[in-house]
Amino acid sequence: MSTAVIRYIDKPHPVTGVTNAKLGTWCFLASEVMLFGALFSAYVLLRTGVSEWPHGSQFLNVPLATLNTLILITSSVTMVMSWASLMLKQFGKYRLYLAITILLALAFLVVKGFEYGHKFEHHHFPSTNTFYAIYFTLTGLHGLHVIGGVVVNAYFLFFGKRMWETHPEQFAGRIECAGLYWHFVDLVWIFLFPVLYLL
Amino acid sequence: MDHGSKEHIERQVKVYISVFAALAFLTVVTVAVSYLKLPFAAGVAVALFIALIKGSLVAAFFMHLLTEKQIIFSILAVTALFFAFLLLLPAITSAEVMSYVS
Amino acid sequence: MKEHSSHSHSASLPFWRKYIFSLDHKVIGVQYAVTGLLFLLFGFTLIMLIRWQLAYPGQPLPVIGHLFSEKMMVGGIMLPEFYNQLGAMHGTIMVFLGVVPLAVGGFGNYLVPLQIGAPDMAFPKLNMMSYWVYFMGGLIMLASFFLPEGAAQSGWTSYPPLANLASSGQTFWLLGMVFLITSSLLGSVNFIVTIAQLRADGLSFFRLPFFVWAQFITSFLLLLAFPPLEAAGVLQLMDRLAGTSFFMPSGLVVAGEQLAVSGGGNPVLWQHLFWFLAHPEVYVLILPAMGIVAEILACNTRKPIYGYRSMVYSVVAIGFLSFVVWAHHMFLTGMGTKMSGFFQITTMMISVPSVIILTALALSLWGGSIRFNTPMLFAIAFLPMFGIGGLTGLPLGLAASDVHLHDTYYVIGHFHYVVAPGTIFALFAGVYHWFPKVTGRKMSEVLGKIHFFFSLIFINGVFMPMFLMGLAGVSRRLYDPTQYAHAGSTQPLNVFVSICAWLLALAQIPFVLNFFGSLIFGKKVDRNPWEATTLEWAAPSPPPHGNFDEVPAVYRGPYEYSVPGQARDFWPQHMAKEN
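Protein chains in written order, with this note's numbering: chain A, 1484 to 1682; chain B, 15 to 116; chain C, 4 to 582.
Since the hints were derived computationally from the structure, they do not count as laboratory data.
What you are looking at is a predicted structure, and each value in this text was computed from that prediction instead of being measured.
Possibly wrong hints are sitting among the right ones.
[As the list claims (entries may be wrong)] Straight-line alpha carbon distances no greater than 30 Å define the calculated DSS-like cross-link-like pairs of lysine-lysine that follow:
(1) Lys20/B x Lys1572/A
(2) Lys1572/A x Lys83/B
(3) Lys51/B x Lys1494/A
(4) Lys128/C x Lys1644/A
For reference, chain A alone in the conformation it holds in the complex:
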């Protein structure tokens, strides 16, 4: 045992009522809000600065994006179910739900890939105009966040068992934090979808 015992890793702090990891995750998400906030701010400034701005559905595939929205909110549910299964001490179910979450995230990326490929086929690139520029930047950055989520969740899926057996409380806390991140990724898409595709 190390001499450095850091408190409130698995049990919440008596005053703040949260664990270190949870507070840290929320701080990180706060910074993510500002990151995407800046990009939305850029979108507003670019859009209000010009007289003509295309309606998203003119250029973008709304049915595919609707499908992707449904995929992502489903994955949010499976993510939270995976955490709930841990709380009910059902490790098998936890793994199942987490695996489904990862598969849905991959499905989201595949659909996104088709969308991008279709755009490139028609020679629509980020450099085509500022609409495509902001579309590719925002969805690209969101896509990177999805990939990040897949990596994190896959790590917990394949390497989580040992920690679950030794530190179950801490592990459930980690899955909750991974879930917070994943729901945030979902939340960003919930705003991206109407802003880019429907307005």
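Keeping the supplied structure of chain A fixed, place chains B and C upon it in accordance with the hints.
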């Protein structure tokens, strides 16, 4: 109330399913509304309003904000405030300049 | 929780785990501090080259001039492109690679866990990662000097469209910034959680040393202000690499030809996003410095800080207000009168809490039995120096006077007074003050005082004339000021400034000697050589892995000096009874 208890979690699971149904329904609604070709301002208002409801549902239930602690709310309140500055002040500044140009 | 006895764990680690990829906040703090000091030295060297060109434009640089490549200097004469690189990289390195890593990464990492009685930061692995991400960012910035067309040349502000069209150094600059921003974000999450969660029992928020408060607010600034610059960096990278037009207006003509870009972008967007970070960044630079000064003043006046609570409220107010003042850097972008009115008002408002803190610190001196040791001298000098820097900022915050002063040497003088004899003096004070804690040895007072007095004289010689040059209308980024009639008349001042800058460099030699010499020859000290009250002095010097012999508890506020009825003139926070 013990948030970790078995009964509580089982109740929560039912809530998650209903939230999912609501999210799916609202997704369909927002797409359907977009085909109505509302006037621009109304379209923006409706789409953002629906997105706000969906986002709130995710935050409140999936991210457990409904039962979260004060310290998290404080951080998020500060963030929301600065987010508003970041979103609005550049737009207002540029809108004022545009009003002189036109 | 009571396992604070054996140190075998840290002793058994191999060298590279203990000193290179260490998880211990103290090692990471020292890594940050040393790297930061080296970058400060490097950034200072860059500007000394510039000072030659400004003092003696077109004359070959003696002795070392021929060491530079053909793309930098021809026959020892600096090329304009290289001049621009030096200017841009000086600003970037000093701010993002020097002062912030030293103040936040170095002092913050080392002292915050000690001052709150914690064994380490909340997330040690994240802490290590943020150092190495910062290190990578630094390497990318340094590497850019070796590109065929050299480093970034568009100023530390990197305004587009100029920066969009600049050579590949700018791409490296943006990539480096993405690393540095990520590092700061990871660090700030760690600080917030550590301060919120890991305070010792009894250490309520209003018993925190002011330094911890300053770091806490600084962390929020980093957490919430840095992401917009990361976004802006991504947008500029897209502009440069994917050919988008986020910052490129329609119909832009360069060298007589219309650019082949789609256009429709907005260059002012970059300025909004950049200054949304860069104004809070000013407070990231100054708040830890104020924290260090408060600690040292209290200890060396042997009395409590005057108005501790009002200082805490002020630092919180500064944190809030710093997010709504940014566009006072942009009055000349053709902003409307209403919004410039708004930003002028917020700018005047934020000067109030800053003045409260400065006044409280100055009043703390009154009636104290002051010990004039080296850290105290630097800390006292901070007060008038920061005062000059702050007050000269007011004319820049008002649109009418800013029209005349914008982008002149007046601006350079103003913010250097805040950052150089302000923040960097405070950081020097901190190095002298906490060196005994980190190494177990004191630094030499004689060398320290030589370092202080010469630094104080020459640094004023460097920056005071800049106000005069700025008022005469000399622009800040001129390669050869003698080419302009109005700037030519101030040329003697330029020579004076340059000589002072080189003498200032010489004045740092005692510090370097002192720093390394004291590691070996410094007088050995026990755990509390300054007879201070805060928790870091309760740990051994240097503190072992895990910091404290036993988990400390706190019984009183941070500055209980000269308490009536006490046998000794300091009453440490962790002592349950009288000492």
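Now the hints, each set against the structure:
Note on Lys20/B and Lys1572/A: the hinted pairing holds, with a Cα-Cα distance of about 9 Å set against a maximum of 30 Å. About 24 Å separates the Cα atoms of Lys1572/A and Lys83/B, which keeps this hinted pair within 30 Å; it holds. Taking the CA atoms of Lys51/B and Lys1494/A, the gap is near 52 Å; set against the 30 Å cutoff, the hint is violated. Distance check on the hinted pair: Lys128/C and Lys1644/A sit about 21 Å apart at the alpha-carbon level, within 30 Å; holds.
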